[in-house]
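Visitor: Next come the chains, spelled out residue by residue.
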Amino acid sequence: MERTEAELIAAAVKGDTASFEPLIQKYSPRVFATARRYARLEREVEDIVQEIWIKAFQKLESFRGDAPFEHWLMRMAVRTCYDFLRAHQRNRESAFTEISEPEDDWLERFAAAPESVSAQADAAKQLVGRILEEMSPAGRLIITLLEIEDRSVKEISKLTGWSVPLVKVRAFRARAEMRKILARLTKDKYL
Amino acid sequence: MNLEDLQKKLLAAARSNPPEDRVPYAFEKRILSRLSSQPAADSSALWARALWRAAVPCVAVTLLLTALSFTMASTETTTVTTVTSEADISQQFELALLAPANQLEEIQ
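So the protein lines, in turn, are chains A and B. Everything in the first sequence is counted per this note's numbering, starting at 1 for the first residue and increasing by one. Everything in the second sequence is counted per this note's numbering, starting at 1 for the first residue and increasing by one.
Calculated from the structure, these hints are not laboratory results. Every residue gets a Cβ at the ideal spot worked out from N, C-alpha and C, and that includes glycine. Be aware that one or more of the hints could be misleading.
[Said to hold, decoys possible] Facing chain A, according to a computed beta carbon distance under 8 angstroms, are these residues of chain B, among others:
no.	residue
1	L3
2	I31
3	S36
Make the full structure from the sequences, and use the hints.
Guide: Okay, structure coming up:
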């Protein structure tokens with residue numbers, strides 16, 4: 001008979017690592033997708049996910065079971081990703097040294113006729129990734145959660161541990177930061 | 001160029017491109033081996049570490065109290081000596097002051 005999630009967690013809390021395996025199998029896709037939003041290299045993604053699972057196992061006692069395990073795990077995942085962004089803040093590329101030719105073309109076409117360019121284009125996806133990498137850790141986290149994942153301010157507050165007013169303030173600053181980066185990117189050619 | 005429109009377009013591009021949820025082969029095994037290779041929490045080691053940490057302030061307090069008791073003892077000794085010598089001086093002063101009267105008494 002298949003054991004329930006609560007039974008698996010209870011066994012894992014007692015130190016039975018094997019009981020933790022089905023939980024890892026079930027939730028790893030979600031955790032990997034989250035980590036891939038914040039880290040570019042696959043090696044970094046794997047390190048983040050590994051850290052999330054080890055932390056989850058070590059802190060499993062603090063899981064009270066009044067909310068789904070997935071919510072508890074995702075809070076840990078988002079906070080670990082934020083720690084990763086902060087730790088690698090200095091390694092961020094300092095400037096748009098060279099944007100690629102397709103990205104440049106996409107921007108040129110957008111400048112000429114904003115409605116005609118597709119958001120589905122690879123160049124647009126690469127460009128937004130580049131801009132997010134330029135942003136501060138808090139700004140990137142907020143833009144990702146609020147604008148890209150479409151989460152509510154309350155949800156973000158729970159995920160990050162920040163208060164609702166702080167999330168709102170950081171969201172305002174993050175949008176301004178993003179516009180500033182876009183202005184820097186486009187000022188030479190298009191403004 | 002309208003930056004707000006550009007921002008919206010780029011965010012739409014990010015929304016339309018969710019990251020992959022692919023998990024590397026046998027990733028869970030890797031996590032489990034990491035978990036089992038981690039040393040188990042040894043309660044006696046934790047106690048020993050806590051006691052060693054507590055020993056430092058204990059020694060500091062002991063030294064402080066020892067120094068304080070020595071200081072107080074020396075202060076008390078000084079006070080006693082001072083009181084004794086002060087008593088001697090007053091007695092000598094009294095004797096010197098009353099010396100003529102004493103001599104008169106002796107003559108009579």
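Visitor: Please list, smallest to largest, the hint numbers that this structure does not respect.
Guide: none
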